[in-house]
Amino acid sequence: MTQTRLEVAYRRLLRRYPSRWRQDHGDELVATLLDLADAGGRTRPSPADVVDLVAHGLAARLGASLGLVPVVVRHRVAILALASLAALSTDLFVIAEALPDPWPAYAGYMAGGGLTFGPFVTIGAAIYPLPVAALAAVQGGVTILMSTGKITHLQAALDTSLELLRASA
Amino acid sequence: MGIDEMREPTFLVLAALADGAKHGYALIHDIAAISEGRVTLRAGTLYAALDRLTGEGLVRQSSEEVVDGRLRRYYDLTDTGAEVLAAQVDRLRSNAAAAERRLRSRLHPGGATA
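Protein chains in written order, with my numbering: chain E, 57 to 225; chain Z, 88 to 201.
Everything labelled a hint here was simulated from the structure, so no lab data went into it.
Hints should not be assumed to be uniformly reliable.
[Said to hold, decoys possible] Derived CB-CB ranges, DEER-like:
(1) A95(E) - D106(Z): 36 to 46 Å
(2) E153(E) - A120(Z): 47 to 57 Å
(3) G124(Z) - L148(E): 34 to 44 Å
(4) H131(E) - R189(Z): 29 to 39 Å
(5) A95(E) - R193(Z): 20 to 30 Å
(6) H116(Z) - T60(E): 19 to 29 Å
(7) T60(E) - T127(Z): 50 to 60 Å
(8) A182(E) - H116(Z): 40 to 50 Å
(9) T60(E) - R189(Z): 51 to 61 Å
Glycine is no exception: its CB is placed at the ideal position from the N, C-alpha and C atoms.
Required output: the full structure, derived from the provided sequences and hints.
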């Protein structure tokens with residue numbers, strides 16, 4: 057059977073797993089993903105599946121199962137990672153947009169190479185705010201979660217942040 | 088893994104295998120049914136669990152077939168897996184019964200306890 061685009065997408069995600077793991081379980085995992093996609097009328101991997109496969113692929117590489125890490129720790133690490141990315145993006149935004157140009161144009165070379173964006177100096181201005189917005193969405197979700205106790209709100213916020221991060225990738 | 092810390096997804100994987108061998112998609116489907124839709128395992132999570140449970144000797148690969156070009160590998164409980172699941176069922180039943188008794192004594196202690 058020729059590979060559909062969806063199967064190609066899933067197999068690309070499976071590259072996150074160690075090759076030995078892929079040899080052992082790759083085909084059955086792809087088969088299950090495709091069965092699920094058929095049942096759900098899906099033509100692209102869902103953001104949640106992307107995160108799931110990347111996380112477990114990494115965990116398999118580390119020789120550890122995520123199941124051994126308590127959920128609380130896992131969530132704390134995820135939030136910290138997102139917060140770090142947001143802080144880095146904020147710094148880059150300031151460096152690129154607010155600070156003076158460290159490489160002024162000389163000998164006919166135009167700084168930014170023409171990749172400008174509206175009033176901003178670099179197109180990074182369109183990318184850097186996304187992780188910040190993602191973190192804000194998660195914080196908003198957590199705040200709502202604390203007040204309502206509904207996990208669905210946090211999931212909605214996480215889905216939103218994943219979409220934002222995907223848009224920036 | 089001690090059964091003390093058995094997490095719900097692990098319990099549900101073992102429970103879904105209790106009545107016979109199943110492949111990945113059927114397992115996810117059955118786990119959703121057993122948990123009345125509360126738990127839908129992602130495929131990566133399921134195979135990480137199956138890999139771990141196989142390593143712990145609670146689950147084993149039983150057979151495989153190819154349907155429409157897709158590999159279906161069936162997993163089955165080992166005898167140890169069945170024992171661990173049965174022990175966990177006893178434990179949950181005992182905990183649930185104790186909780187239920189205490190809730191009853193809270194609701195009917197002469198009709199007036201806040």
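Hints and how they fare:
1. Taken as a hint, the range 36 to 46 Å is violated for the pair A95(E) and D106(Z), whose Cβ atoms sit roughly 21 Å apart.
2. For E153(E) and A120(Z), the Cβ-Cβ distance of about 53 Å falls inside the hinted range of 47 to 57 Å, so the restraint holds.
3. Checking the proposed 34 to 44 Å range against G124(Z) and L148(E) shows it holds: the Cβ atoms sit about 43 Å from each other.
4. Between H131(E) and R189(Z) the Cβ separation comes to about 31 Å, which falls inside the hinted range of 29 to 39 Å.
5. One distance hint, 20 to 30 Å for the beta-carbon pair A95(E) and R193(Z), is violated here, with the actual separation near 44 Å.
6. Checked against the hint of 19 to 29 Å, the C-beta distance between H116(Z) and T60(E) comes to roughly 22 Å, which is consistent with it.
7. Separation of T60(E) from T127(Z) is about 23 Å and departs from the stated range, judged on CB atoms against 50 to 60 Å.
8. For the pair A182(E) and H116(Z), the supplied restraint of 40 to 50 Å holds, since their beta-carbon distance comes to about 42 Å.
9. Taking 51 to 61 Å as the suggested C-beta distance range, the pair T60(E) and R189(Z) conforms, at roughly 55 Å.
Checked against the numbered hints given earlier, the structure breaks hints 1, 5, 7 and satisfies all the rest.
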